[in-house]
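Peer 1: Sequence:
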Amino acid sequence: MDDGSNPIIGLIVFLVLLTLNAVLYCFNAAVQNISLKAIEEYDERMKGKAGKLNHIISHPDKLISTVHVMTMGMTIFTGLYVVRLVAHEISKLFLRNVESGINTTAIYYIAVVLTAIMFIWIIVVAGVIVPKKIGVRNPEKWAFSLYTLTYIVCVTLTPLTIIIKGLSFVTLKLFGIDLNSGDENVTEEFIVNMVNEGHEQGVLLASEAEMIANIFELDDKEVKDIMTHRTNIVAIDGERNLRDNVNIMLNEKYSRFPVYVENIDNIVGIIHFKDAVIIHEQGEHDDWRLVDIPGVVREVGFIPETRNINDVFKDMQREKMHMQVIIDEYGQTSGIVAMEDILEEIVGNIQDEYDEEEENIIKKEENVYIVNGTTSLQEINDILELGIDDENYDTINGFLTACLDRILNDDERPEFEKDGIAYKVLEVQNKMISKVQVTLPADEINEETDENIDKNEQ
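Just so you know, we're using my numbering here: the sequence shown kicks off at 1 and counts up by one.
No lab work stands behind these hints, which were simulated from the structure alone. Keep in mind that the hints are not guaranteed to be accurate.
Distance condition first, Cα-Cα at most 20 angstroms in a straight line; then the derived SDA-like pairs of lysine to any residue [unchecked claim]:
{"no.": "1", "residue 1": "K52", "residue 2": "K133"}
{"no.": "2", "residue 1": "K132", "residue 2": "K224"}
{"no.": "3", "residue 1": "K314", "residue 2": "E222"}
{"no.": "4", "residue 1": "K364", "residue 2": "Y330"}
{"no.": "5", "residue 1": "K274", "residue 2": "R298"}
{"no.": "6", "residue 1": "K132", "residue 2": "E200"}
{"no.": "7", "residue 1": "K418", "residue 2": "E340"}
{"no.": "8", "residue 1": "K221", "residue 2": "E200"}
{"no.": "9", "residue 1": "K364", "residue 2": "K314"}
{"no.": "10", "residue 1": "K224", "residue 2": "G348"}
{"no.": "11", "residue 1": "K363", "residue 2": "A442"}
{"no.": "12", "residue 1": "K133", "residue 2": "I64"}
{"no.": "13", "residue 1": "K224", "residue 2": "A338"}
{"no.": "14", "residue 1": "K364", "residue 2": "M321"}
{"no.": "15", "residue 1": "K320", "residue 2": "R289"}
{"no.": "16", "residue 1": "K363", "residue 2": "D410"}
{"no.": "17", "residue 1": "K435", "residue 2": "G348"}
{"no.": "18", "residue 1": "K165", "residue 2": "V155"}
{"no.": "19", "residue 1": "K364", "residue 2": "T439"}
{"no.": "20", "residue 1": "K62", "residue 2": "L174"}
{"no.": "21", "residue 1": "K274", "residue 2": "M321"}
{"no.": "22", "residue 1": "K52", "residue 2": "T71"}
{"no.": "23", "residue 1": "K253", "residue 2": "N266"}
{"no.": "24", "residue 1": "K314", "residue 2": "G331"}
Here are the in silico distance ranges between beta carbons for each label pair [as the list claims (entries may be wrong)]:
{"no.": "25", "residue 1": "L167", "residue 2": "F190", "range": "24 to 30 angstroms"}
{"no.": "26", "residue 1": "E359", "residue 2": "H55", "range": "52 to 58 angstroms"}
{"no.": "27", "residue 1": "M211", "residue 2": "E284", "range": "57 to 63 angstroms"}
{"no.": "28", "residue 1": "D389", "residue 2": "E208", "range": "31 to 37 angstroms"}
{"no.": "29", "residue 1": "A126", "residue 2": "E319", "range": "28 to 34 angstroms"}
{"no.": "30", "residue 1": "C403", "residue 2": "R318", "range": "39 to 45 angstroms"}
{"no.": "31", "residue 1": "E239", "residue 2": "R318", "range": "39 to 45 angstroms"}
{"no.": "32", "residue 1": "L149", "residue 2": "D389", "range": "22 to 28 angstroms"}
{"no.": "33", "residue 1": "E319", "residue 2": "E200", "range": "37 to 43 angstroms"}
{"no.": "34", "residue 1": "P304", "residue 2": "F190", "range": "29 to 35 angstroms"}
{"no.": "35", "residue 1": "F77", "residue 2": "D389", "range": "51 to 57 angstroms"}
{"no.": "36", "residue 1": "F216", "residue 2": "I164", "range": "21 to 27 angstroms"}
{"no.": "37", "residue 1": "N349", "residue 2": "E284", "range": "37 to 43 angstroms"}
Just so you know, even glycine gets a beta-carbon here, dropped at the ideal spot from N, CA and C.
Start from the sequences and build out the full structure, keeping to the hints where you can.
Peer 2: The following block contains the structure:
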């Protein structure tokens, strides 16, 4: 096991390779996060380095290949040479201080394993993680200061990178993969992972990362997931006169209202509050039925409740509509969706001066929560971590009604327990549970639940 090699020389070479590897990772992280504006500002002072950095940013293949070659070379050198020498010295030192009779081969291999673990930790922490964090923290500084050294390393390793790339090309060809085809698909999962990594490294704010993730989720949601349900629609009776309808609209907080004839399942259009007020001020049609006044009721679109949110958004943009009526499979009105509902799926809740702050889940005591009956099961599961199956029900009202197996009267206040969770109905309106008290088992309570509620209220 002793070939006369000096472990000090091996350690020095390892430290040099580790330093160069750290430089490459730091530089690579810096150029990935540097802004074009910063490059332009530095250009006047850095004697043309900005143009070279722009070239690297536009063509990162060579830098990435060099980083891989350096890491691979350092790892191979460490595994085949440094670890062996250091382990040999450690085993000799150990055997020198213990009694004879111990299996020297076993001691040596134990030392190899421990030494390998130590060097892997050093390479990962000092050669990869720490340099990347440093490069992300101050990309302008490190991109310009490390450019020259990185350029020298890249040029020096060019022959090796060309050989490795050529071997990779031939190997992949055997599997029917062409490196030069340029048809690699960037998947949604890849982009989301990049966004999450950017957030973890401090490049993206939490709100920015969440917004990007929400955009991708639009394709996975149907319009029924975000609609205002028919029971919560504030609609205008088209057979009533203009004066009465204007008074109704004055007491509401909306600017657009669906207009129906006979019942909510026969929506004939929408009316803008502004249009109604203008005609009302003229005083000529106050006693007319709303549907008889020319031009006041505008056309409205009808869509199935299974329609994709992203498609609905594009249609509303193209047709310049701010509201659509959602129809279920029986041809009845299921709900309505407004442009604001879709935007809230991306940017979060949008509050205007007329909106009242709504809290679907309110903490009453240490393990007791008051929940709005229309709160979605997904929201409840996310915040209270109840684990309720949300495939068959959309809201807590639907779940509780199924558990009770009957429709409640407005004066009923039943209590029951399911899966260790106690439910107490506090309020019933129009045969729908509008408020319920949820009591969790004491061992289910944790700080994360309270943090989820605080986050939801914000």
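Peer 1: Work down the list of hints and note, for each, if the structure agrees.
Peer 2: Hints versus structure:
1. K52 / K133: violated, 23 angstroms
2. K132 / K224: At roughly 44 angstroms apart (the allowed maximum being 20 angstroms), K224 and K132 break the hint.
3. K314 / E222: holds, 14 angstroms
4. K364 / Y330: violated, 41 angstroms
5. K274 / R298: holds, 12 angstroms
6. K132 / E200: holds, 12 angstroms
7. K418 / E340: violated, 37 angstroms
8. K221 / E200: Not OK: K221 and E200 at ~26 angstroms, beyond 20 angstroms, violated.
9. K364 / K314: violated, 42 angstroms
10. K224 / G348: holds, 18 angstroms
11. K363 / A442: holds, 14 angstroms
12. K133 / I64: holds, 17 angstroms
13. K224 / A338: With a Cα-Cα distance of about 12 angstroms, the restraint between K224 and A338 holds, given a limit of 20 angstroms.
14. K364 / M321: violated, 42 angstroms
15. K320 / R289: violated, 27 angstroms
16. K363 / D410: Outside the cut-off at roughly 24 angstroms; violated.
17. K435 / G348: violated, 24 angstroms
18. K165 / V155: Between K165 and V155 the Cα gap is close to 15 angstroms, so the pair holds against 20 angstroms.
19. K364 / T439: holds, 10 angstroms
20. K62 / L174: Measuring from Cα to Cα gives roughly 24 angstroms; hence the hint is violated.
21. K274 / M321: holds, 16 angstroms
22. K52 / T71: Violated. K52 to T71 sits at ~24 angstroms, over the 20 angstroms cutoff.
23. K253 / N266: violated, 23 angstroms
24. K314 / G331: Measuring from Cα to Cα gives roughly 23 angstroms; hence the hint is violated.
25. L167 / F190: 24 to 30 angstroms: holds, 26 angstroms
26. E359 / H55: 52 to 58 angstroms: Holds, at about 53 angstroms.
27. M211 / E284: 57 to 63 angstroms: violated, 48 angstroms
28. D389 / E208: 31 to 37 angstroms: Holds: the Cβ-Cβ distance is about 33 angstroms, inside 31 to 37 angstroms.
29. A126 / E319: 28 to 34 angstroms: violated, 58 angstroms
30. C403 / R318: 39 to 45 angstroms: This hint holds: roughly 44 angstroms between Cβ atoms.
31. E239 / R318: 39 to 45 angstroms: Roughly 32 angstroms apart at Cβ, these two residues miss the hinted range, so it is violated.
32. L149 / D389: 22 to 28 angstroms: Given about 58 angstroms between the Cβ atoms, the range is violated.
33. E319 / E200: 37 to 43 angstroms: holds, 40 angstroms
34. P304 / F190: 29 to 35 angstroms: With Cβ atoms ~32 angstroms apart, the hint holds.
35. F77 / D389: 51 to 57 angstroms: holds, 55 angstroms
36. F216 / I164: 21 to 27 angstroms: violated, 35 angstroms
37. N349 / E284: 37 to 43 angstroms: Holds: the Cβ-Cβ distance is about 41 angstroms, inside 37 to 43 angstroms.
Hint check: violations occur at hints 1, 2, 4, 7, 8, 9, 14, 15, 16, 17, 20, 22, 23, 24, 27, 29, 31, 32 and 36; the rest are consistent with the structure.
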